[in-house]
Structure formats: structure tokens, C-alpha cells
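Protein chains: 2
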Amino acid sequence: MTRPSPARVGQRLDDIDTPALLLDLDAFEHNLDALDRTLAGRTIRVRPHAKSHKCPDIARIQVARGAVGVCCQKVSEAEVLVEGGIEDVLISNEVVSPAKIDRVVALARRARIGVLADHPEAVDLLAAAAAKAQVRLDVLVEVDVGAGRCGTPPGEPAAALAARIAAHPSLRFAGIHAYQGAAQHLRAPDERRNAIAQAVDKVHATLSALRARGLDADVVTGAGTGTYPIEAASGVYTELQPGSYIFMDADYGRNLDAAGESVHAFRQSLFLLATVMSRPTESRAVVDVGLKAHSVDSGMPLVADLTGAHYTKASDEHGVIEIDPGTPLPLGSKIRLIPGHCDPTVNLHDWLVCLRGDRVEAVWPISGRGAFS
Amino acid sequence: MTRPSPARVGQRLDDIDTPALLLDLDAFEHNLDALDRTLAGRTIRVRPHAKSHKCPDIARIQVARGAVGVCCQKVSEAEVLVEGGIEDVLISNEVVSPAKIDRVVALARRARIGVLADHPEAVDLLAAAAAKAQVRLDVLVEVDVGAGRCGTPPGEPAAALAARIAAHPSLRFAGIHAYQGAAQHLRAPDERRNAIAQAVDKVHATLSALRARGLDADVVTGAGTGTYPIEAASGVYTELQPGSYIFMDADYGRNLDAAGESVHAFRQSLFLLATVMSRPTESRAVVDVGLKAHSVDSGMPLVADLTGAHYTKASDEHGVIEIDPGTPLPLGSKIRLIPGHCDPTVNLHDWLVCLRGDRVEAVWPISGRGAFS
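Sequence order for the protein chains is A and W.
What the first sequence shows, in the working numbering, is residues 1 to 373, in sequence order.
What the second sequence shows, in the working numbering, is residues 1001 to 1373, in sequence order.
One chain only, chain A, in its complex shape:
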């Protein structure tokens, strides 16, 4: 049930079938460079988040550029990435169901696999499965450093769970996971800085509690595209997990900027190609990209390249574009949209059409599309 590719290598932009998910390779490579540049002189490791792209081709490029490995959120994503040649994958999420834990353990025979825990029952299930399979599994404690989602409280509760991990011969306590997801889209630089300062305090408290129990966190991992320069400068994080930086989206574009912690070091590389399929009035066009080709959880997409056209409403298969007077948008013309939120939009597509200028240079399979289990 994989869909046919909307494009062939060598085609021009105008000949690509729509809807299509486009990657501007120049902007993508700029973003890879920009991350390296903002981290120049630091010894911190980079482990990009593959949940954004779900594409082994991109993961391999990230590793070839020096990433220690990648993160992902789901066991099935890790399977796709290991199958695609990635040798070090952190599942930056809890895994609690026995059938999934068996898959994690099986995968740990083929690659270096880490997984998170925030509950003693889950630790014991991981330990039993790893012991049965005679593998030693890396387990990190997820600490809630302010996001209010998963994770143990910082300090002693986290250290107690780490001790439980360390007590199992089939597990290795590999460090702490301290991702402040809620900080990534805070608009003002000061808000982001304050949120990460609080996260750093919680990491310090946890490291102290670990030391009091004679435990060390080899890895303190976290950070995203919105805040990673702050974690990088913190002195406590050893590993960064930016994901969206390769693509960017309309929502990240609304983050305000400050020198030195700039999400705007990154350029928009990800676009949706749409066709104008109806021109019912002077001020309205309808395009063929709706809810099944992009995710509106963070707002509507933006129209790239044209200032007088605004995507105002999405239905399942349609997008309504309001047009200012004098803006040309004839029936059958194609326009590029900037997705509201890159990660769930990528997950709707089977193929990433990679362009150099207006020429298709490659078409990469999004092999982890739908890998949500």
C-alpha cells in the first residue's frame, strides 16, 4: 500500500504531481551546516531526532556528519532505522508493553539501543526481557524537567529509579533524559532561557541525588531545535536531540530570535507542493492540499513565494486560499506551502522529493511513515 512516488529524478518542479512533500536540498544542507556552526568549539555530542524525518537516508547523512546516532520515539521507528543502517538508536520514550519490549531486546542484538523508563514496573519488565534474551540493555531515566508529560520528578525519585536499573545485571543505567519539550515553542528568547535554566536546575538536583547513591549519569540528553544552544552552553547536558532544524516549519518561524540562540539560523527546507484546482471567485482559490496532506495542529500552512495569498481553511482534501487583489494564481498553477508543523506533516507522506534548484535530484522513501507502534 505504499503510494507511487509523485516525482522522478531529473524532473522539473512544475512537472511534479501534487500533493508532494518537497525538500530544498540547498536549504537542508545549509541547516546541517548551521547546526555544526552554532556548536563549533563545543565537545557536546549531537543525536538528532529522527521522529521529524522518519527517513534513513537523512539519518545516514546526519551520522556521516558526526552525529553519534539518532533518537526516535517508537520501537517500530527504531526497527526502520536499524534496518536502514543506523547502528546507535535511542528510543527517547517509555516502552511498557511486553510484546514491544521483546522487540526492543531483539533489536539490541543488532545495534546499540537505548530506551527510557519512568516507572519501576517498566524497569523490571525491561530487565526480565533482557535477561531472558541474554542482552544488556541501556536504560535512561526520564526526568520531568518542566514539560509536564512523562518522567519521574527530578532529584531523589529519579535517582531511586536509576538505582533500580543499576541493580539489574541485564540493564545498564545509561544516564538521564531531560527534554523540556514545552520550552521549544515559547516565543520570546527570555522565556526559553528561563525554562531551560529551570530544567538545568532539575538536572543538577538529579545529578546530586545520583552521586549520593554512588551513581553517575554518563549521558544527560535532551534539547530541541528551539532551545539547543542554551542546553549546549549549560555545562550539564552531554548530548543534544534537535530534530526539526533540518526542515523548519511555520510554527518554529514564529519563535522570536535573540543572538546566539537562533532558530532562525535555519532556513525553511520543507515545502508542500499544491495545485490550484478551483478558482471560484476573484478572491478565492482552492488547492488540492488538505488535512490528509498536512497537519494543522499548530496552525495553517503559509504560502511561500507569494505575498498576496493566504491559506485560511483546510478541509480533508481541500485548502482555501484567500487572495489579495492583483495576485496572480491561475487555475492549474502550482504553489509551495510551508507546513504549520513539520513532524506530523512528514508522517502523512511516503516520499520526500529532493530538489536542487527546480530539478529533482533524489526521491527518498519516508520508510518510517506510519511507524507509530
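Possibly wrong hints are sitting among the right ones.
[Unchecked claim] Pairs of lysine-lysine, DSS-like flavour, derived with a Cα cap of 30 Å: (1) W:Lys1313 with A:Lys313; (2) A:Lys132 with W:Lys1334; (3) W:Lys1334 with W:Lys1313; (4) A:Lys313 with A:Lys334; (5) W:Lys1132 with A:Lys334.
Simulated from the structure, these hints should not be mistaken for laboratory data.
Given the coordinates of chain A, assemble chain W onto it according to the supplied hints.
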């Protein structure tokens, strides 16, 4: 890149991998019966919308129950449905790009295919492609009856376009498409009745303008799950296109009811199965179903079966559940969710796990998943 099925025939509900999209077959069959019951005694034709399910197994069941065929929104969906054995498919949407028009024409050799137009340029493109392929294609004029999306104005503009279609020997003017999409989710029965009354006026005006040009609309097609009894009683619609009635969703559940035009004749048959993967606090659980497994465009999913648990926030791979005191929701337990909006949620899944009671009776491929081109 099709994902493995989360379930096997014969398995019990509790053994299904998550996230999974579930179909309660008893409720599904109840809904098929309920549609028949509300239309008993009318001669109106039913052409269910397959954009909701994208599943040839379901389309075949609908046709076996007397549907004249199905609708879909995209050429690639029509290809999947014809491949799956459906012999009469209306693409209830405009198709304007030459490459797609060639596919429509190719498909018209294998099945009865209809397509909409709302612009003379598109009519001429359809005519040229059909003439070249030596097929005769059914084209319906889409009339904007109040939805404010695609479509010609009612009356003379619609009749003029119909005349243009009729003038092409390779096309057949097959009728008018008069779907009032914006009325489907109006909450109050009176609002829906008024919106459809206005749509019916616009249909009448269009039929008069057609007659003045010596043209007849064999088909007047439209209506959805929220309003179809009103169109059925109008005397002008000849064909109904309900789609969501087989599944229902949280958003349709918010429509208020009135005797005789009841969306609540239908039961919820579509569910998401989720696992509790974290219990960080007494009042919070986190499940493994986030934005990549359901669409939040019409609001958050509802928790089925449990009154004291509320899905309040979705991130890419997580759903936060707020729990009232005393509600049991242990780590690793599974819960069913009612999707906020069925159509784009179905499109995120490769498989529909069909249950009879708590036993898997079938697993149907969602063959049109991702068929958005």
C-alpha cells in the same frame, strides 16, 4: 513501506498492539442498517463517500447493500477502488492537471467514472483527453450551494458550464453536484434544515436555468451524514453521499438531534486503541496515541468506556489523559478513544482491525491510505 498489521484474526482486544484503529463490527452493521431504515420507502439512490474509509472491503459491502457505487475525492482513491472491484466511482472533486486527467480517462475504460468541473478550462481539458482516448466521460457541474469552497454559482453560470460540457462529444453532462459541506457540522437541527433549504433553492434555480437551455440533470447528488435525511426529503436530490455514518466521531457526536434527521441513529463504531505508557502523577496518564495516530483538526478524542478520564493534549507521539480521583488507569492498561474526526484519522492507519465483541474477526487493509493525489 506498508506497516505490519497490529492484530491477527482470532486475537482478543487486549492482545492487539497499539496504536490500532478498531472497527466494532456490530456497531458498523447497525449503522449500515440505520441508513437503510431512515431511507425506507424512498427511491433515492445512495452513493456513500469512500473518502471516509478508503477501504475497498467496506466499499464492496456498501455496494452489496444496494449502493449505486461510491464517491471519492482523488484520482488515486478512484484507482484503488476500481482495483478493489468497484465498478461505479464518482470523483466528487475537480481534476485539472493534465497528468491526472489522463489517469481519469484511463480509469474510465475500466469502470464507470464521473468527475466534477467548475471551470470552462477544466471542461476543455477533460474533453480533449477523453476524445484522444476515445472514451466518453461523465462530467457533473459542481454548484456552490452555500459551502463557499469550490463550485460555480447556482443558476445560469452553472447552466452555461453544463452547456459547454454537453457541447463536447467526448463528454456527457451527467448532472449537478450540490454538496453543502458547511452544513454537516452545524450543531442545531434548525440551522442544518435552514442551510439545506437554501441549498435546495439553489438547486432549483440551477435546474430552471438548465431547462431554459434545454438541458436536464439526470443526477442531483450531495448530502452528508449530518444532513442527508433533509436532502432525501427535498424532492430534488436524486443521490446521497454520506460517508462518516459508518464510523461516526466525537465531532459528529456534538451535533444536536431532532426526530427524523438524526445523526444519532448511528453508533460509534470507530475507535483508537491506546496503551497507558506513563503514570507520572495521580491525576495524569500518558498514552501512546498522539498526532501521528489521530487528527485533532476537530478537537481532541474522547475516552470511551471510562467517565473519569479526559484526553486533554496531543503531542506527536503522546496523549495526555487527565484522570479524576478514583479512576483506575494502571500502567500498561489499554483504553479505547473516539477520534475527534474520523476521515483524516483513518488516513493515518494502514489497517482497520475489525472486532466482533472482543475478538478480531478480520483485518482490512486501508488500501487508499495516503492516496491524496
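A quick look at each hint next to the structure:
In summary, the hint linking W:Lys1313 to A:Lys313 is supported, as the alpha carbons are separated by about 22 Å, within the 30 Å threshold. Using a Cα cut-off of 30 Å, the hinted pair A:Lys132 and W:Lys1334 holds, with the two alpha carbons roughly 25 Å apart. About 18 Å separates the Cα atoms of W:Lys1334 and W:Lys1313, which keeps this hinted pair within 30 Å; it holds. Between A:Lys313 and A:Lys334 the alpha-carbon distance is near 18 Å, which keeps this suggested pair within the 30 Å criterion.
Between W:Lys1132 and A:Lys334 the CA atoms are separated by roughly 25 Å; this keeps the pair inside 30 Å, and the hint holds.
Violated hints are absent here; each numbered hint is respected by the structure.
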